[in-house]
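Engineer: Chain residues, written in single-letter form:
Protein chains: 2
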Amino acid sequence: MMRTRPLKVALLGCGVVGSEVARIMTTHADDLAARIGAPVELAGVAVRRPDKVRGGIDPALITTDATALVKRGDIDVVVEVIGGIEPARALITTAFEHGASVVSANKALLAQDGATLYAAAEQHGQDLYYEAAVAGAIPLIRPLRESLAGDKINRVMGIVNGTTNFILDKMDSTGAGYQEALDEATALGYAEADPTADVEGFDAAAKAAILAGIAFHTRVRLDDVYREGMTEVTAADFASARQMGCTIKLLAICERAADGESVTARVHPAMIPLSHPLASVREAYNAVFVEAEAAGQLMFYGPGAGGSPTASAVLGDVVAVCRNRLNEATGPGESAYTQLPVSPMGDVVTRYHISLDVADKPGVLAQVATVFAEHGVSIDTVRQHGRQDGGGEASLVVVTHRAPDAALSGTVEALRKLDTVRGVASIMRVEGE
Amino acid sequence: MMRTRPLKVALLGCGVVGSEVARIMTTHADDLAARIGAPVELAGVAVRRPDKVRGGIDPALITTDATALVKRGDIDVVVEVIGGIEPARALITTAFEHGASVVSANKALLAQDGATLYAAAEQHGQDLYYEAAVAGAIPLIRPLRESLAGDKINRVMGIVNGTTNFILDKMDSTGAGYQEALDEATALGYAEADPTADVEGFDAAAKAAILAGIAFHTRVRLDDVYREGMTEVTAADFASARQMGCTIKLLAICERAADGESVTARVHPAMIPLSHPLASVREAYNAVFVEAEAAGQLMFYGPGAGGSPTASAVLGDVVAVCRNRLNEATGPGESAYTQLPVSPMGDVVTRYHISLDVADKPGVLAQVATVFAEHGVSIDTVRQHGRQDGGGEASLVVVTHRAPDAALSGTVEALRKLDTVRGVASIMRVEGE
Numbered sequence: 001m002m003r004t005r006p007l008k009v010a011l012l013g014c015g016v017v018g019s020e021v022a023r024i025m026t027t028h029a030d031d032l033a034a035r036i037g038a039p040v041e042l043a044g045v046a047v048r049r050p051d052k053v054r055g056g057i058d059p060a061l062i063t064t065d066a067t068a069l070v071k072r073g074d075i076d077v078v079v080e081v082i083g084g085i086e087p088a089r090a091l092i093t094t095a096f097e098h099g100a101s102v103v104s105a106n107k108a109l110l111a112q113d114g115a116t117l118y119a120a121a122e123q124h125g126q127d128l129y130y131e132a133a134v135a136g137a138i139p140l141i142r143p144l145r146e147s148l149a150g151d152k153i154n155r156v157m158g159i160v161n162g163t164t165n166f167i168l169d170k171m172d173s174t175g176a177g178y179q180e181a182l183d184e185a186t187a188l189g190y191a192e193a194d195p196t197a198d199v200e201g202f203d204a205a206a207k208a209a210i211l212a213g214i215a216f217h218t219r220v221r222l223d224d225v226y227r228e229g230m231t232e233v234t235a236a237d238f239a240s241a242r243q244m245g246c247t248i249k250l251l252a253i254c255e256r257a258a259d260g261e262s263v264t265a266r267v268h269p270a271m272i273p274l275s276h277p278l279a280s281v282r283e284a285y286n287a288v289f290v291e292a293e294a295a296g297q298l299m300f301y302g303p304g305a306g307g308s309p310t311a312s313a314v315l316g317d318v319v320a321v322c323r324n325r326l327n328e329a330t331g332p333g334e335s336a337y338t339q340l341p342v343s344p345m346g347d348v349v350t351r352y353h354i355s356l357d358v359a360d361k362p363g364v365l366a367q368v369a370t371v372f373a374e375h376g377v378s379i380d381t382v383r384q385h386g387r388q389d390g391g392g393e394a395s396l397v398v399v400t401h402r403a404p405d406a407a408l409s410g411t412v413e414a415l416r417k418l419d420t421v422r423g424v425a426s427i428m429r430v431e432g433e
Numbered sequence: 001m002m003r004t005r006p007l008k009v010a011l012l013g014c015g016v017v018g019s020e021v022a023r024i025m026t027t028h029a030d031d032l033a034a035r036i037g038a039p040v041e042l043a044g045v046a047v048r049r050p051d052k053v054r055g056g057i058d059p060a061l062i063t064t065d066a067t068a069l070v071k072r073g074d075i076d077v078v079v080e081v082i083g084g085i086e087p088a089r090a091l092i093t094t095a096f097e098h099g100a101s102v103v104s105a106n107k108a109l110l111a112q113d114g115a116t117l118y119a120a121a122e123q124h125g126q127d128l129y130y131e132a133a134v135a136g137a138i139p140l141i142r143p144l145r146e147s148l149a150g151d152k153i154n155r156v157m158g159i160v161n162g163t164t165n166f167i168l169d170k171m172d173s174t175g176a177g178y179q180e181a182l183d184e185a186t187a188l189g190y191a192e193a194d195p196t197a198d199v200e201g202f203d204a205a206a207k208a209a210i211l212a213g214i215a216f217h218t219r220v221r222l223d224d225v226y227r228e229g230m231t232e233v234t235a236a237d238f239a240s241a242r243q244m245g246c247t248i249k250l251l252a253i254c255e256r257a258a259d260g261e262s263v264t265a266r267v268h269p270a271m272i273p274l275s276h277p278l279a280s281v282r283e284a285y286n287a288v289f290v291e292a293e294a295a296g297q298l299m300f301y302g303p304g305a306g307g308s309p310t311a312s313a314v315l316g317d318v319v320a321v322c323r324n325r326l327n328e329a330t331g332p333g334e335s336a337y338t339q340l341p342v343s344p345m346g347d348v349v350t351r352y353h354i355s356l357d358v359a360d361k362p363g364v365l366a367q368v369a370t371v372f373a374e375h376g377v378s379i380d381t382v383r384q385h386g387r388q389d390g391g392g393e394a395s396l397v398v399v400t401h402r403a404p405d406a407a408l409s410g411t412v413e414a415l416r417k418l419d420t421v422r423g424v425a426s427i428m429r430v431e432g433e
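Residue numbers (the UniProt record's numbering), protein chains in the order written: chain A, 1 to 433; chain B, 1 to 433.
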């Protein structure tokens, strides 16, 4: 009972992802039709540079007028793979107004203004799907918002940026410093010429906002996410991590508070035990670890970026949206009913690994320990060793028990004021235990 | 815009899984209502022994007449967690006839007769969901049939039985033999008193049939799945595996043939490299590795069994089915349009690791190598070493390149006939490279 009138897809953007979407739609047209229950066809492709050669796409479909394309009125699904805030936002809302559903890979826009998009979709009875916005090809949005819809998610912790994982994995496996590993990532095409969005954690923070909102059924915006980049992670940090049986990853962590009354979302480098499933995620792979009340511990692993993987996620959404249209129905919309507030970083309960350069004389450890006690932070382990150079300095490594981040950073601030503490060599959170 | 008339769920079976489903439906009723868009209530619970105390369930809901319950006509969703073929099959088809959709965790029934159930669901315009039937809480059915609906899956390889993974992990980590590890699994409740279904691979074979059908959009029945158990895996096999940088797992492997014209499904113990993501799956955890044309390599990991994890999967399906009902729509049904045939095990292309006890004299290796060559099987590596006991015997370990399983088993048969081959100590396939 295949419908013969095809569903029409408009593609906004024809770069690495868009061209793969177009290619697969052509080469796998029969499979897509069988799975949807109706043929699906590419009805138009909006690009900035129409003169660029685009293999396999009928030139008659190419336009530079994206607005006119989404306003055509006969489009069933708009695939937005332009990225950035504008014109993507205006095009998506225009698409809804003109009776199209939207599949987007735009993490920045969804993290900054997801609520507006959801509201526009609902107002016009359209779907908004965005599996490709977080962790590329890895099915994650659908499992979180559908498979786990009968469960209570308490924690989502993931490696959601492939560039930084590639750099950190290199540092770990070769002993390279940050700059050397970044240079290799750039040479191999894993890092962009300006790597700021990746290495400073902006990209991961956008994904954390999206994941936290879905996991906890509340609204979390990019501004709510605490963010630290990984540019200051050193080879020495990896050596310290290894002594603790850990490695270092840039993690996006979304948590429900112990009392259940608030949530937190953050991105920062952290030590995790080598035995943790996330520790063995190599190169540019992504993986997201989910803890749910009934399901327990789940992990989703795969390529987090790239044209083909992202196109796979986009096309899975296209199939779902097309099926919904044939059913004259829509899939799940925004679910923000819990209205849980997002707490600041100071409220996050975590552990610190702190390396101090201290004067090598009696009483220093007692002084340091007193500062921790005054801030209500309990110490788990201390390692102390004199410097090889005999310059009267020693190194002190303290690992704390779990405490509020505010107490931990207050402790560090007080330690810096001690005469006997010459410097704080590094501070890193410890997760996943 | 919450609908006030509740959706009604009938629960068939109230054991480890069913009681968890009932408990979560009660304790998390508000969350479920918010996510569905309407309240959902437990309308009846069919059990065999009504006198057994069931904490938290209103005794008025308990019945021994499952058929009458599914025939009531006001039931929206029937949750079938009885297991086995009958009466589960009759109850499910009766449920469809009386206007209810079905959520099932019944792998045996789905593997044996999924097509009949799908046809009945479609005939009556009802949903058949079964996320819990494979790999417990791990979202797997939905990702395969929805998230990857725009992609082409070439391979699904997984650890889908927690009992056997617990046993093999114990053997690997402690050097224990099979019986010792099984005894520990039994004592800890990971293995049943009669472990046959697990250790002989029947449970995994049912899951392989379900996964292959979904992944390749064709019909694969339990009888189509080649099956070898893991009762003959020895501590010596693990020692051999370690020498190759491998471990041993009981794997369910579903593959599309290189020419794309057929598929295979099989369950057997296999050596996999320690660097493979499946190698680090410990204890009773499950994990499924998926290779798709565009998405690349994905892995899904989590608890494969247990009351709460399975209930999580069941309730995710209940939420989806309830949403579909409010939309007056149904989710994806059977997708078997490719009609790809299932090839026999002999056509599977794989590698063998073979340990032979041979006479310790010149010319044996040449004889053995000739047998491989005669069967068109190319040798990758050979290791030969004399026995410590000096009894005139040596041990020969041969690892082959990839070849059809029929050629490999023909080779082994011929080797057994050589005078100089005293015995074939072990044969194991090598996967994941």
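Any given hint could be a false lead.
To be verified - Keeping only pairs whose Cα atoms sit at most 35 angstroms apart, straight-line, the calculated DSBU-like set for lysine-lysine is:
no.: 1; chain 1: A; residue 1: K8; chain 2: A; residue 2: K52
no.: 2; chain 1: B; residue 1: K361; chain 2: B; residue 2: K417
no.: 3; chain 1: B; residue 1: K8; chain 2: B; residue 2: K52
no.: 4; chain 1: A; residue 1: K71; chain 2: A; residue 2: K152
no.: 5; chain 1: B; residue 1: K361; chain 2: A; residue 2: K152
no.: 6; chain 1: A; residue 1: K52; chain 2: A; residue 2: K71
no.: 7; chain 1: B; residue 1: K71; chain 2: B; residue 2: K52
no.: 8; chain 1: A; residue 1: K152; chain 2: B; residue 2: K417
no.: 9; chain 1: B; residue 1: K8; chain 2: B; residue 2: K71
no.: 10; chain 1: A; residue 1: K417; chain 2: A; residue 2: K361
no.: 11; chain 1: B; residue 1: K152; chain 2: A; residue 2: K71
no.: 12; chain 1: B; residue 1: K152; chain 2: A; residue 2: K152
no.: 13; chain 1: B; residue 1: K71; chain 2: A; residue 2: K152
no.: 14; chain 1: B; residue 1: K152; chain 2: A; residue 2: K52
no.: 15; chain 1: B; residue 1: K417; chain 2: A; residue 2: K8
If you're looking for bench data, these hints aren't it; they were derived computationally from the structure. If you're wondering where the values come from, they're calculated on a predicted model, not measured in any experiment.
Engineer: The structure should be examined with respect to each hint, and the outcome stated for every one.
Structural biologist: Each hint tested on the structure:
no. : hint               : in the structure
1   : A:K8 with A:K52    : 24 angstroms, holds
2   : B:K361 with B:K417 : 17 angstroms, holds
3   : B:K8 with B:K52    : 24 angstroms, holds
4   : A:K71 with A:K152  : 40 angstroms, violated
5   : B:K361 with A:K152 : 66 angstroms, violated
6   : A:K52 with A:K71   : 24 angstroms, holds
7   : B:K71 with B:K52   : 24 angstroms, holds
8   : A:K152 with B:K417 : 60 angstroms, violated
9   : B:K8 with B:K71    : 13 angstroms, holds
10  : A:K417 with A:K361 : 17 angstroms, holds
11  : B:K152 with A:K71  : 32 angstroms, holds
12  : B:K152 with A:K152 : 32 angstroms, holds
13  : B:K71 with A:K152  : 32 angstroms, holds
14  : B:K152 with A:K52  : 29 angstroms, holds
15  : B:K417 with A:K8   : 64 angstroms, violated
This entry does not satisfy hints 4, 5, 8, 15, going by the numbered hints stated previously.
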